[in-house]
Every structure is written in C-alpha cells, then in structure tokens.
Amino acid sequence: MASLSCSTEQLATLLGSNTTNATAAATYICGQFSAVSDKFVDTSYAVDSTYLLFSAYLVFAMQLGFAMLCAGSVRAKNTMNIMLTNVLDAAAGGIFYYLFGFAFAFGAPSNGFIGRHFFGLKDVPDSLYDYSFFLYQWAFAIAAAGITSGSIAERTQFVAYLIYSSFLTGFVYPIVSHWFWSPYGWASATNMENLLFGSGVIDFAGSGVVHMVGGIAGLYGALIEGPRIGRFDNRGRATTLRGHSASLVVLGTFLLWFGWYGFNPGSFTKILSPYTSGNYYGQWSAVGRTAVTTTLAGCTAALTTLFTKRLLSGHWNVTDVCNGLLGGFAAITAGCSVVEPWAAVICGFVAALVLIGCNKLAEKVKFDDPLEAAQLHGGCGAWGVIFTGLFANKKYVNEVYPGKPGRPYGLLMGGGWGLFAAHIVQVLVIIGWVSVTMGPLFFILRKLNLLRISADDEMAGMDLTRHGGFAYDYEDDSVNIGSQNGTQNTPI
Amino acid sequence: MASPSCSADQLAPLFGPNTTNAVAAATYICNQFSDVSNRFVDTAFAVDSTYLLFSAYLVFSMQLGFAMLCAGSVRAKNTMNIMLTNVLDAAAGGLFYYLFGFAFAFGAPSNGFIGRHFFGLRDIPTSSYDYSYFLYQWAFAIAAAGITSGSIAERTQFVAYLIYSSFLTGFVYPVVSHWFWSGDGWASPTNTSNLLFGSGVIDFAGSGVVHMVGGIAGLYGALIEGPRIGRFDHSGRAISLRGHSASLVVLGTFLLWFGWYGFNPGSFTKILSPYTSGNYYGQWSAVGRTAVTTTLSGCTAALTTLFGKRILSGHWNVTDVCNGLLGGFAAITAGCSVVEPWAAVICGFVAALVLIGCNKLAEKVKFDDPLEAAQLHGGCGAWGIIFTALFATERYVNEVYPGRPGRPYGLFMGGGGRLLAAHIIQILVIIGWVSATMGPLFYGLHKLKLLRISKDDELAGMDLTRHGGFAYVYEEDGNKHGIQMRRVEPSGTPS
Amino acid sequence: MASPSCSADQLAPLFGPNTTNAVAAATYICNQFSDVSNRFVDTAFAVDSTYLLFSAYLVFSMQLGFAMLCAGSVRAKNTMNIMLTNVLDAAAGGLFYYLFGFAFAFGAPSNGFIGRHFFGLRDIPTSSYDYSYFLYQWAFAIAAAGITSGSIAERTQFVAYLIYSSFLTGFVYPVVSHWFWSGDGWASPTNTSNLLFGSGVIDFAGSGVVHMVGGIAGLYGALIEGPRIGRFDHSGRAISLRGHSASLVVLGTFLLWFGWYGFNPGSFTKILSPYTSGNYYGQWSAVGRTAVTTTLSGCTAALTTLFGKRILSGHWNVTDVCNGLLGGFAAITAGCSVVEPWAAVICGFVAALVLIGCNKLAEKVKFDDPLEAAQLHGGCGAWGIIFTALFATERYVNEVYPGRPGRPYGLFMGGGGRLLAAHIIQILVIIGWVSATMGPLFYGLHKLKLLRISKDDELAGMDLTRHGGFAYVYEEDGNKHGIQMRRVEPSGTPS
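Residue numbers (the numbering used here), protein chains in the order written: chain A, 1 to 492; chain B, 1 to 495; chain C, 1 to 495.
Rather than coming from a laboratory, the hints here were simulated on the basis of the structure.
Source: prediction; values computed, not measured.
Be aware that a few hints might be false.
To be verified - The following residues of chain C were derived to be distant from chain A, with all beta-carbon distances above 10 Å:
{"hint": "1", "residue": "31"}
{"hint": "2", "residue": "193"}
{"hint": "3", "residue": "440"}
What the hints assert, rightly or not - Derived SDA-like pairs (lysine to any residue); straight-line CA-CA distance at most 25 Å:
{"hint": "4", "chain 1": "B", "residue 1": "270", "chain 2": "C", "residue 2": "273"}
{"hint": "5", "chain 1": "A", "residue 1": "394", "chain 2": "B", "residue 2": "126"}
{"hint": "6", "chain 1": "B", "residue 1": "270", "chain 2": "A", "residue 2": "276"}
Each residue gets a CB set at the ideal place from its N, CA and C atoms; glycine is no exception.
So here's chain A without its partners, still in its complex pose (with noise of 0.2 Å):
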C-alpha cells in the first residue's frame, strides 16, 4: 500500500511567509499524516495476517482430509498404517519443514535453483515474510507428502515411508516450490529480472507444485512396488479391492473440500490491496472469484463423473464422484485467481474425462494405485497447468501480478504463446526432477529390500504385524455378549 504523500515542503509554500510559522504548522499537519499513514500499514498487517492465519489452518485441515480420505480408502486391515503415515506427513513435515525446507523454498536472497538463508527460521520474521507465512508454506508441504502416501498404500515399509517422506518434504518439494513460487525462481511469475519467455509460470496455488509433484511421486513409488496382491487376478483381470468405508471417504472428500478454501483463495496471502483505493473492487475480489472458481471447477467436476460413471458402469458411485470432485479442484489449482468462472466449469469438465481416462490407463498397464492418487493430482495437475496456459484472463493476469504491463496470457483468450509456452517447460521439469530425485530414491529402497512388505504380512494386513493390533474392535471379547447385542439390540 503506498502511504500518504503529505509533503511539508509543498504546504508550507502553499501556506506562504505570512504563515506565523508554515513550515512548523505543515510538518505539524503532515506529521498527523504520518502517524495515520502508519496506522493503516499496522491496519493491513494485521487484517492480511488474520486472512493467511486461517487459511492456514484450513489448508492444516486437508490433511485431516487426506487421513480420512486415505483410511476409508483401504482395508480396515491397513488402516492404522495409513492414518499412521497421515499423522507423520504432518509431524515430520513439522520438523523437516522447519529445519531447512522452509529455507530451501524461500530463503532471500537465492540464486534461481534453490534458497539458503532462514535455517531454523533464522531472521525471520522479516518485512517480506511473517510467522504466518512458514506456517500456510508447511501446510502446503505437507500436502504434497500426504498426496504420495496414498500412492503406495497397504503394500510399504513403514521405514521406507519415513525415508521418502522426509526426502520429498525436506527437499524435493522446496526446491520446486522455490523455482515457482520465490521471487527469486528462475520460472517464476514474479521473478523481478528476468520472467521465463516473458511471462513466467502462473501456477497459483500450485496444481504443478503440489499436486503434480505428489502425484508423480506416487507414480514413481507404485510403479517401482507394483500391484498389491490380489488386484490382478491370473489372467490379469483387475479386481476393485474396496475400501473398508465410504464414510470415511465422504468425510475426507468434504474435509478437503473445507481445505481447499485455504488453499486456493488463501494463495494471495494478503486481503488487503486495492486495485484503486476506495473502490470497491479489489483483491478481496479476486479472492472471493478464486473461491467462486474452485467450487464451480469441483462441482462440475463432480456432475461429469456422476453421469460418465453411471453410462460406463451402471452405478451411481459416490467414491468415483469423491474422487472427480477432487480432480476438479486439483485441476482449478493452477489457475483459479486468473481465470473467469466459466472457464472453471469448462476445466471442471475436462477433469473429469482426464480422471477416467487416466484410470483406464492404469487399469490397461496394470498400475496399482490405491487412492487414484497418481492418476489424481498428476493427471489432473498437469491438465490444470495446461488449461491455465489457455484461459487466463488478461485483466485478472495483470491484477494479480502487477507491475509489468503486457504480460502474456492464455492462449485462447488472445494472449499469444508465451504464457503455454512456459506452462509446458513447467510439466516437464516438474515430471523431470521428480523423475531424477525420487525415482532413484524409491528404487534404491527396493534394492535394499526395504520397500514393500512380505506377502505374508500383506495378507494378513500391516495393522496386525506391525502396528500393535487392528483399528477397530466393534464387538466385546465375549462372543455372546456380542451376538447378544446384535439381537437385544433392535426392539428397542
């Protein structure tokens, strides 16, 4: 915000000789300037402070999402494993995050590659980022591991999961959030030198940087582990293990619904930035346009896989709707702030058919991925990165990364090739140092014997073998006393 232009020069002139003392009374006045000045600067702090807080707390409520997306996704035999997985993304992440991912995403100043200043938090607050800002960055990061650990569900060592996720937390992640997303990123949209082709990658709240990097990872870990048993039969016929409860599902499914508010809209980070002061369109527009974005994406999302599904397999399935819900916003992700709502019911849509195609692929080459979580946040990442390069709104480009008139927009909407262009180069990095990083990773574990569990303990279930016993426990040791129950029960 810039702050008032109170000039004790100009109104002393303006107050003249014979003014008692002009100079004294325009820096008298402007002085009162200066302390309102100051007041709103204390004012936007504290407003856009208030904003980001929340909407880390909601991005914080995705991975409760994540967790129960992920439990009724499995059996109810791996279920204390993956909620187990669930819990550490968040507390490992916590720690990771803290010690050096926050420093490799954003410490300033950076080369283009990768941060290095704020270890520990060191020096921060600064006046670019708060407190606030680490803690809606972690939830961001956390994100992305929660995304790889449905991947590879019901069928890993918890140790390699300890390993892979520090790794993609602690490393992978930051350093691709930090060519995106820093200042100082050499694809950044907000790179102050030098934008890539002009224009810079417009991934806004990250269905490249997050999901597609979760996704891909997952990629990586299931293809390396292969099928669980049983999800192919002898003849190589897929067979749907399902999970052990579609609540669960609904309330994760929701949850990340709830999440997602903090997510998309919360990526602006501030609230409080006119346009033009004292009207009354400006960021908190946009913000309210990006949540208006992400619902509509998301509902129509829903909508196409409900009827696709239904022609395809005869059922009207709420896990499938769930999970193209989910590919929607996935796919909005990118583009949300930039683009018109219309446009989101068009990305919704192509999200959806994405989704199917992606998982009859998977079907086709025998690829096992418990919670779609692959086809998910990569397929419809990568569309969502796509469809931003072709939709985004001149006006809105230019609202949102101010300051450099004339940027490329989206390919459809006249803005020539730069902005798809760079959209491009952005899939095939992200694919290309996930590729590098965590294929080699996951495949050295293999090597070592420290992926996959025994078939033994795959049958029998990770909860029983290595997690102290099964989740749940819905009758009483005494047999008769349940059987009891179960008859007693209805009378009354």
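Since the structure of chain A is provided, determine the placement of chains B and C on it from the hints.
Then chains B and C, alone, in the frame of chain A:
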C-alpha cells in the same frame, strides 16, 4: 461508512487572504483526507470480505455435517445413497445456483417476486454484491436441499432426487430468499419503498427461508412416498429403525453446530460497521451477541430434550439430544441478531418441546421421516419465526435494520402486533409456496413411478442395488479370515 | 491504539495571527483527524472481533475433537455414553458459564479470588469485555470438562457426570481462571496493583488453568472409582482394553490439532496491536510465532513418541503417536507466546517423555484412565508450566505483557528464578484447589453410591442399559440377515 468530511471550501476561508494560497493549501490538506478516506474504504472491504468468506466456509462445513448426520441416521445398507445425495446437493447446487439461482434470488433491480439479473454471475462484482456474497448464499441454498434429502431418505429413487434437488436449489428456494432477503423483496425488512405492515419480516438468517422451506419440502416428499417398509408394524405401532452409527450422528451434529457460527453471525455479512464511530459497541458486538444467542438456544434445547426424553422414555439418549440441539439452532436462526441472550434460552426451551410434540404427532399420523427433518426444520423453524415476533427488542431491531426509526418490534417487548402479523404472513406464504411447487413435483414424480424404489430394492438396500456395493467392508473376503480378524486381538497380539 | 494526536492548541499558534481564523482552521483540521482516529478505533474493534470470534469457533471445534477421540478410545458398548457426556459438556457448560461461570471468572472489579459481576451477561458488553470474549472463554471452560470426562469413562453413572461437570465448568474452573487470567487475579501477570513475586504467572493459554485443572479432576475421579473391570488381571498385570475405532481417534486428534490454533494463538484475543506503529513486526507476528511454536512442540512430541514406543513395545502405534502429539500441545500451551521456536522443540521432546513416564507410573500403581487424560493433561500440563519458567525469553515476555519493563523471565534465558517460583506456586495451588473441591465431590458421590455403575451394567456396557441401545448397527435385525449382508459383497454384487 461516511468519509471524513474535509471540505476545501470550508477550510480555505479560515486560512483567509493572508495565507499565500489559501485555496491551494486547503485543497492540499483535504486531498490528503480524501486519500485517507479511500483507504478506509479499502480496509472495510477487506475486513468485511474476510469475515464473509470465512463465514461462508463455515456454512459450507455444515454440508459435511449434514452428510455425516444423514449417514449415521440411516441403516448401513443405504449409506452410500444418502451420502451421494449430500455430495450432489453441494455440487449440483453449485452449478444451478451459479447459472440462475443467484439471479432469481438477488438479481437487482427487480420486482418483489423474483430477481432477473446476474445470470451466470454476469456483472458481478457490483458495489453491493461481490463474489464472496455469492459463495455465502450458495452455501445457504445447498443447506435447504440437504434438509429435504433427510426426510425422504432410504426409499427414494436417485433420479427423483436429482430432479427435486435441482428444482429446489435452482428455483423454489431462491424465490423465497428473494422475497425476504433481497432489497427488492416484497416482504423484506430492507425494502426501500414499502415495508410489509410497516415492518417487513425479520428472518435474519433463515428459520423460514432456509429451514421451513427445506422442512416443508421434505414433508411433502415423505408424505407422498409413505413410510419405509417396517416402520409401522401390522397393528400400526411404530418401530424405530435405528441409524447405523451414533458416532457419525454426533460428528455431524457437532459439525453443524460449528457451521452454525457461520450461518447466524455470518448473516450480518459485514462486521466493520460502527453504530457510533469510536465506540466499543458496534456491529462486531452484535455479531458476538448473535453467536451467544445461537449457542444458548441450542444448549438449552439440548438439556430440555435430555430431561424430557429421560422422563418419556427412560433413557439418556444421545441422538435425541443431538436432534434437540439442532432444533434449538433452527429456531433461533430467525431472531438470533435481535433478541437478548435470556430470550434465546426461552427459544431453545420451547423449541425442544415443539420438536418432541411434532415427533409424537408424526408417529400418530404414521408419518415417517428418517431424520426428523420435517419436524425439526419445519416445526422448530416455524416456532423460531413466531418467537422473533414476540421477543425482538427495540434497540437491536433498530441497530440491525437501521435508517427507519420507530419500526415495530417484539409483541412481548411492547412493540405491538405488526411484526407478529408480518411473521404469520411469512409462515403462511412459505407453506403455500412450497406446497404449490414441491407438492405437485413430488406428486408428478410419484405418478410417473420415478419417486419410490421397488420393495425388493428397499429390503436389500439401495447401496447394493444402485450404488455399486455396501459402504463398509470391515472383514476380509473369506469367512475364515473374517472370524480370525475379529478374534485375533484378544488372543495373540502384543499390546 | 494511540490515536493521532492532533491538538488545535498546538497547531493554531503555528498558523499565527495573519491567518484569518487560525483557531478555527486548526480546530477544523484537528476535528478531521479526530474522525480519522475514531475510524481506526472502529477498525481495530472489527478486526480484533473477527479474529477472536473465528478463534473461538476453532476452540469450539476441539469439543468435536474430544468427542471423537473419546468415542474411539472406549469400547463400542460405551460409545453412546461418552459421546453424550461430550455433547452435554458443551450444552450444560453453555448455560452454566452464561449464568455464573463467566461472572466468577472475569467479573470486574473484584477481589483477587473470585469475580462477582456480569452474572447472566448483565452489563456486557463493556469496553473491555464483549460478547465474543464470553464465547471464547466458554469454549475454554467446556474443554476443561471434556478432559475430565475421558478419565472416568466407561464406568461412571450418568448422574454423577452431570453433577461434577456442572460444578467444574460453573465453579472450579472459573475461579482458577480468575486467579491467573483476570486483571484482578492474585497471580495474574496483568494484575495492576501487585504482581506475585514481581512477575505473576505466565500461563498464556492454560497449561495449568485448563489442562491441569481438567487432568487433576480426572485423576481424583479415576482414583476414587478404581479401574475398569478387566483392566488388571488377577495377578495384577495390566491388560490393554483397546478402544473400538482408531479412525475416530485419529479424526479426534486432528480436530484437536486444528482447534488448538484457536486455543493458543487465539489467546492473544487481539491481533491489531502494533509494537511500533508502521512496522512489519507487531502482535500479528507474535500470533504467527505462537502458531509455529505450537506446531513444532506437537510435531516433536509425536516423533519422540513414535520412536520411543517403537523401542519399548516394538510397534509403530498410531494411537500412541496421537496421544504424544496432544501431550506436546498441552505442554506448549502455557509458554507458546513467549518462547522461541527452537525451545518449543525441547518442550515437545520432554513432554513425550513425561507422558510415557506417567503412563508407566499409572500402570505400576494400577491407576486406570481410559483416555490417559490425567497423565496427558495433568502431567504434560505441569511440565509446560515449568518449561515456560525456564525458557521464556526477555523480549517476548515484555512484548506480550507490556507496560512493566524489567519483568522476570525464563531461568535458563538469564531471567532469574522469580518466574519459576511463581510457576511452582501455580502448580501447587492448582493441585490444592482441585483436590479441595473435586476430591470431596467425587468422594461424596462415591459414598452416596452415585459414582460407579453396577458390575452388570459395566459388563453389558452402558449403552444398552442406560442409553437406549448400542451405537452401531451394521447388520440387519435377524442373524440371517446379518450373515447375508456380510457375504453379499464378494458373491453377488455388481462392481
């Protein structure tokens, strides 16, 4: 918000002719103030948008609450079905409300009956409606549809559901909200030209607009479908078909409680509105008071239900308490912003009795509503509207609906009967309108054999026949495994 | 917030006699600034209220977290019971805290021991306490009661629960919060007349006031009731009576984590307070830092528990990790605003060890607490109080508790022993006060045979005998059906 009123014309003469350039100096100073004033405008928009957006997110979380409440309240064999309807309430509602629902509800300028601008969010944002307002209203619209889906649970064809849900969210509900909430609505308390009975209807957050609409729609649905198989035995006695998971019911109830803090206090839509500038008492206090009245009404209703049910049935029953709690919330929703906290206690107390009475009545007339939604949202919602007309305080009414001194207020508070008259009109027109729209719709679906599922499907459960399988698989495929699984814990596991 | 200090008396002479009307000009200008200043007051109230209200909603969501955590941690046959107690903590707590709890806690002016104004929210809002503050404090009060209900789960009569819960929320807890948080409290760090040891107790968000009070109350309850049947076998060995659903435990834990962001950072109650006007570093940074310390302490405790338990028991156990996490949060609650992030890591590490140690001890002395609530909230809470006295940094203490330079701060940070002395006093008086109130209460209930349920009831489960039925019905009525249901998926379903 009035801006600081610096006027160069007034200031310049005060400097007078001896000042070198009095007009320029005054203009200079006043321009500074004008900048300051603009920045206050920015601040107010940012603060109010933050407040409204987070309130909208809370209201959205009620949809999750509905989903869990409904899921837990039906039998396990219909869980997938009911959860799908809840997800689609939100999803289909999002599209329809975007395309025309919002336009019907708030399209301005319009006549008193229906709005006709802003289709597909065209021309949004304007100075009065921003995107965040749309999002907030969308979250309300899907809540109404969520209520109805509870009433007709466990026996409705999915296609029927898709049709009524779109119709309710896209047309029936928006029109009602236009009447009572839009500045152009014929019964709105903010109508600028002509207030109904000089008062307008004070349905602040929608006991009538949301809850009664949803509840009465559900009433017609459930009435036309008839009770579930097994709900009343041959001799006509009621048999409780218990939901499959009380944990989900409690989860859903608490989430609804959580979300209600967006529903009621959020309905101010602005928080940075002083009543007198520079004072600690302003709209922020009214917002806080609204949260407090909401809480107290729900709490009282929960306790009343607890003891009432204990006396009637001999049990301390948590699902009944949850329903009582929600009844208290549905009732206070209309008057939450204009009543004193002590009145909210009365509101909740009566709401619990209303709900118990409605349930007794429903059982007597063999009306089957798996979620008690018609009784709860319809009955307690109607009581809430009456309650507001009785207990609205003069001061709060004038603060919340400013600019028109001498408005009627609560009958018991000495404000005369005009508010009550308006509120009775509201109840009647809502009943009439929903009867005239949703009644024929459900009847038509019934005649077309699109409404109720077949008897076989109902006995087997819709999840198996229509939704691709049972919601839960706690045990492995073979019997062997199943039994092992269950016994393994006591025998062999280290713990 | 200091307002712009425009003074017409100072400004007028600067214009001097040549200005036509210097006094009027100066007054005119200064009046404009006064308007501006008022609008800053409005803005601050609106922003702070928004912040406080949403924090209160988050804290409320912890009640949902408690309900789910408790439900998942008990056996299925007692689920209805424990969830009912959690709903009623909130509901009964709402009424009692409204009627007198808030008055005891924050009624001002008062003596150092107990407040005595604001009964039934009379005279609220004042310039220092608004409705939103009441709501926030209510959410805290019910958290304390929620802690205790975990300790005595699965074996307590419902009537006993109603009595102790009202007493705790309405009297015991409010008095403690008066001592340490009210401006009049004898040990409050904001006491204007006389600080305890020149320092007062820095229990920022209530490791002592909330967690120790709830935990110690639970300790007495569980001690007087004795362990559940089957918890210790004939030879005295402990047998783990596992909860019925780890999913609910994880759900509850994450919700508590989510809510803790209202609990700790929210305890500032204001966010728009600059330390130096016009600077990026202000209370908003302290709020963010508090959220960070909270996060880090919980994360460290979770990891410590994970590896600690792996070594001790050979399992990677998610419910243990959840408890460890919560122990880390309970510990950091006291000092969250005044310690560095690195110190929070230490806090969490030790908290996990304290919890493991307390659990070992409890097993040794045959103390049975189904939720580990006494160990977790009592033990880790006490550690948190000590921790704050050791690691509070000078700068943060003076920023968070301004206006009295040279306050004592953490012993290890060079701040001397006075803060530690005050904190040890806090631990002792909380133990003493809760022992003197809740101990006799539970003992009296025990003597009146109102405390523990009968052996038969305990074996059958309270849900069947007292709460109208089992919480879950996954299967249809007959056995026949039951088996069909279960087998149907692999054999006959289309998928």
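Subject >> chain A versus residue 31 of chain C - minimum CB to CB distance exceeding 10 Å, so not interface >> reply: 12 Å, holds
Original post:
Has the given pair, residue 270 of chain B with residue 276 of chain A, been kept, meaning a C-alpha gap of at most 25 Å?
Top reply: Distance ~21 Å between residue 270 of chain B and residue 276 of chain A Cα, so the pair holds.
**OP:** May I ask you to check that residue 193 of chain C keeps its beta-carbon over 10 Å from the closest beta-carbon of chain A?
**Re:** Non-interface label stands for residue 193 of chain C: nearest chain A Cβ at 31 Å, farther than 10 Å.
Original post:
Given the hint that residue 270 of chain B pairs with residue 273 of chain C, does the C-alpha gap stay at or below 25 Å?
Top reply: 22 Å, holds
Original post:
Does the structure keep residue 394 of chain A and residue 126 of chain B at a Cα separation of 25 Å or less?
Top reply: 20 Å, holds
Subject >> residue 440 of chain C non-interfacial with respect to chain A [C-beta, more than 10 Å] >> reply: At roughly 35 Å from the nearest Cβ of chain A, residue 440 of chain C sits farther out than 10 Å, so the non-interface label holds.
Hint compliance for this structure: every hint is met.
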